[in-house]
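Participant: As a plain string of letters, each chain reads:
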Amino acid sequence: MQDKSLLQNKDMLVYKTHSMKGKDISQGLGFMLLVLCTGTALVFLGSIIYFITIRGIRVISWEFITDVPRMAMMKGGVAPAIIGTFYLTLVSISFAFPLGLACAIYLTEYSPKGTIINIIRLSINNLAGVPSIVFGLFGFAVFVNAFGFGVSILSGGLTLGIMALPGIIATSQDAILAVPQSYREASLALGATHWDTIKKVVLPAALPGILTGVILNVGRVAGETAPILFTAATFYTRGFPHSIFSEVMALPYHIYALMTEGTHPEVQTQIAYGCALILLCLVLSVSAIAIILRQRQRKMYGQ
Amino acid sequence: MTKERFYKWIFTALAFSSLFFLLGIMITLLVQALPMFRQVGILRFIGGKYWYPTYSTPSFGILPLMLGSVVVTTGAACVCIPLGVGSALYIHELAGPIQRAILKPVIEILAGIPSIVYGFFGMVIMAPMVQRFFGIPTGLNAFTASLMLGVMATPTVCSIAEDALNVVPSSFKEASLALGANRWQTLVKVIIPAAGSGISTAIILGMSRAVGETMTVLMVAGGAACIPRSIFDPVRPMTATIAAEMGEAVMGSLHFHALFAIGLVLFVITFIFNIVAEIISRRFRLRLGLGR
Amino acid sequence: MDSDIKIRAENVNFYYSETHVLKDISLDIYANQVTAIIGPSGCGKSTFIRLLNRMNDLIPGARMQGEILLDGKDIYSPRTDVVELRRRVGMVFQKPNPFPKTVFENIAYGLIINGIRDRAFIRDRVKQSLKKAAIYEEVQNRLNENALMLSGGQQQRICIARCIAVEPEVILFDEPCASLDPISTRKIEELILELKKDYTIVIVTHNMQQAARVSDFTAFLYLGEVIEFGPTSKIFTVPEKKMTEQYLAGRFG
Chain A
40 MQDKSLLQNK
50 DMLVYKTHSM
60 KGKDISQGLG
70 FMLLVLCTGT
80 ALVFLGSIIY
90 FITIRGIRVI
100 SWEFITDVPR
110 MAMMKGGVAP
120 AIIGTFYLTL
130 VSISFAFPLG
140 LACAIYLTEY
150 SPKGTIINII
160 RLSINNLAGV
170 PSIVFGLFGF
180 AVFVNAFGFG
190 VSILSGGLTL
200 GIMALPGIIA
210 TSQDAILAVP
220 QSYREASLAL
230 GATHWDTIKK
240 VVLPAALPGI
250 LTGVILNVGR
260 VAGETAPILF
270 TAATFYTRGF
280 PHSIFSEVMA
290 LPYHIYALMT
300 EGTHPEVQTQ
310 IAYGCALILL
320 CLVLSVSAIA
330 IILRQRQRKM
340 YGQ
Chain B
111 MTKERFYKWI
121 FTALAFSSLF
131 FLLGIMITLL
141 VQALPMFRQV
151 GILRFIGGKY
161 WYPTYSTPSF
171 GILPLMLGSV
181 VVTTGAACVC
191 IPLGVGSALY
201 IHELAGPIQR
211 AILKPVIEIL
221 AGIPSIVYGF
231 FGMVIMAPMV
241 QRFFGIPTGL
251 NAFTASLMLG
261 VMATPTVCSI
271 AEDALNVVPS
281 SFKEASLALG
291 ANRWQTLVKV
301 IIPAAGSGIS
311 TAIILGMSRA
321 VGETMTVLMV
331 AGGAACIPRS
341 IFDPVRPMTA
351 TIAAEMGEAV
361 MGSLHFHALF
371 AIGLVLFVIT
381 FIFNIVAEII
391 SRRFRLRLGL
401 GR
Chain C
362 MDSDIKIRAE
372 NVNFYYSETH
382 VLKDISLDIY
392 ANQVTAIIGP
402 SGCGKSTFIR
412 LLNRMNDLIP
422 GARMQGEILL
432 DGKDIYSPRT
442 DVVELRRRVG
452 MVFQKPNPFP
462 KTVFENIAYG
472 LIINGIRDRA
482 FIRDRVKQSL
492 KKAAIYEEVQ
502 NRLNENALML
512 SGGQQQRICI
522 ARCIAVEPEV
532 ILFDEPCASL
542 DPISTRKIEE
552 LILELKKDYT
562 IVIVTHNMQQ
572 AARVSDFTAF
582 LYLGEVIEFG
592 PTSKIFTVPE
602 KKMTEQYLAG
612 RFG
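Residue numbers (this note's numbering), protein chains in the order written: chain A, 40 to 342; chain B, 111 to 402; chain C, 362 to 614.
Accuracy of the hints is not assured; some may be wrong.
Said to hold, decoys possible - Pairs of lysine-lysine, BS3-like flavour, derived with a Cα cap of 30 Å: (1) C:Lys-493 to A:Lys-238; (2) C:Lys-557 to C:Lys-493; (3) C:Lys-462 to A:Lys-238; (4) A:Lys-338 to C:Lys-456; (5) B:Lys-113 to A:Lys-62; (6) B:Lys-283 to A:Lys-238.
Quick caveat, the hints were computed from the structure, so don't treat them as lab data.
Bound conformation, chain A alone:
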């Protein structure tokens, strides 16, 4: 904003010619265009949240959140779907977190420069870009069929976990890199081994950042549908899942199923609004927490 005032002063000094006016007009138009773009984007995104909140709030009640579905979805609630989403997220993160963290530790602390590191980086970037439905195919072929886990929480959780891996690696890496090099030097200069330094100094200092990254990925995993289509999700269960090998209802899949299956479209659309609102609240609040925490941490490191 400083340069703005600078510029205005300058404009006053300069003799105003026609070309000057032309410049100003194009600047005005250009900036208006940018405002328009931003406005449109925000209106669009805002209206999604607005409509879903307004229509969803009517459906949501204590019963809707805590009860099992009754009378072919006409009554009762969607508690099994909420619980199912919770289990799937839990399995995927407990798989992806240790693996992703180990990977991030290697890349930041151990990696020799050169070919190996480039191959690993490249494969992480590409894994991040694989379409979610392809993860679903992989999970279906490997976990459901080849490993014989069937359509289950385990299959779905592992599939989601592989999908979350690149994100967890990236965020953990950032957190570890943000630990000042001086901590490592201090520890090594005291005669600590490399592993001691990582375990006792680097990881504790990076922990807040790593956890923030995990929370961020929890939000993403919870909202995914395509990877669980054929690996974990089912439209209707009579109650809550019994074991890691049961198939489950999940919020995002439930919305899809309500809109495409079943026999009472009107009622089902209303329930779908309710589910969408719950999902939106869960996912957005989780990622909002993570992003706000991250901004605080960045400020603390003075970035």
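Following the hints, put chains B and C in place on chain A, whose structure we already have.
Facilitator: Leaving out everything else, chains B and C in the frame of chain A:
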């Protein structure tokens, strides 16, 4: 020291997991798609105009599906490039400190809206609106799908493009302003070219996300597996085809393998997108003298 | 004067990828003496002392030639245990770098990673080290506070205490007062004079007065070469080389 070496060895092994999974995905897709290619042939699969997987004499041509993906992705690009890059420029150039402090995290949070929500919104609200506005038989078509996909990719594009703008050294800007250029000229002639490849990376990654997106197109694109003649025709992109038909395909049947073959095609397309994005962004960093 | 040689550097050359940073350096560092290394910034003085506990191993693409002997043994021989070497040759850095842990945990860290579990012993050693670092009075009631809450000068003395706690033989100071105020600097200098009874000390400084105040020997480095090395009293009064005289007179650097 041996303990040290042990840990290093463990971490090295685990670090290869991503490569392992990537190869695993590739091999799985190849193995499962192979019977398809062997029986039908790659050219007839990719170039075939008819997708009738369940007819008594089935036909497995994915041209209509690929065209569906192309139409929807191009449409999405028309929406998310102006909106995403425009808002990134707005945040970078026009927003004051307070606006920026709010907009940046809000955009990042919005990037987390699950795709199923876009699909749902597109189905129940956008599609009827489109249908009424244009007076067409159905609102579930390529146009609505493009719109929803574009809006969905906007926060991603905006966020990455804004990062790219931020890396441009402020000395460039100062130099231009000092020569008597106004802010708009500086933005268009200096900052955007300097951040150009960073912005292209943002766009490519946004596109890559749109090509691979499933739920939104599954619910909104209309699902007709024929070659679209206009933007208002219903289409069935590749991702939607896999999602919709996997449940019905008999395991081990040709149809089943065909769906994996589509997965392979998708994988290859996004792989290319990512490699291109990687190359461009590396060149970008080198050109600005940022190293690596 | 005790003339035992603790560390001997012989024809040390050091390269950062293509840049030749240290050129043929030979220096003797005497036990229980303070050796100061002075010179304009960029002359390689920090690089040199980081070679003495192999901290430069962390820099990718760096290369070292020549020998550095600690008690007559080459510390760059493949048989050297780097971890053990760094325990014997401690280091205090330019910017105070306490861990984001409590004062107590900071001092106890070196003991715990060296496998000491005896709580009473640790408590005792922490107290001793803090006393030796002349900080005990100020922090005795704040042992469970985060060390980052202390002032810069206090943090630096905590780092010295942390270094002392593992009982090194040599302490390397890499411009320890560069980021401190004059009063804290004074305290650290007094401390260094106190510590030399028990330890061999090497200090890098760009402050010539500081070198004159605390050191017994001084080495003047310029562009990666040792221009002159000798007793501090001699270097500061009757330097042999013209360049040393000019530097001390503030003509360059």
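Participant: Indicate, hint by hint, whether the structure satisfies it.
Facilitator: We went through each hint and held it up to the structure:
{"no.": "1", "hint": "C:Lys-493 to A:Lys-238", "verdict": "29 Å, holds"}
{"no.": "2", "hint": "C:Lys-557 to C:Lys-493", "verdict": "11 Å, holds"}
{"no.": "3", "hint": "C:Lys-462 to A:Lys-238", "verdict": "14 Å, holds"}
{"no.": "4", "hint": "A:Lys-338 to C:Lys-456", "verdict": "20 Å, holds"}
{"no.": "5", "hint": "B:Lys-113 to A:Lys-62", "verdict": "68 Å, violated"}
{"no.": "6", "hint": "B:Lys-283 to A:Lys-238", "verdict": "44 Å, violated"}
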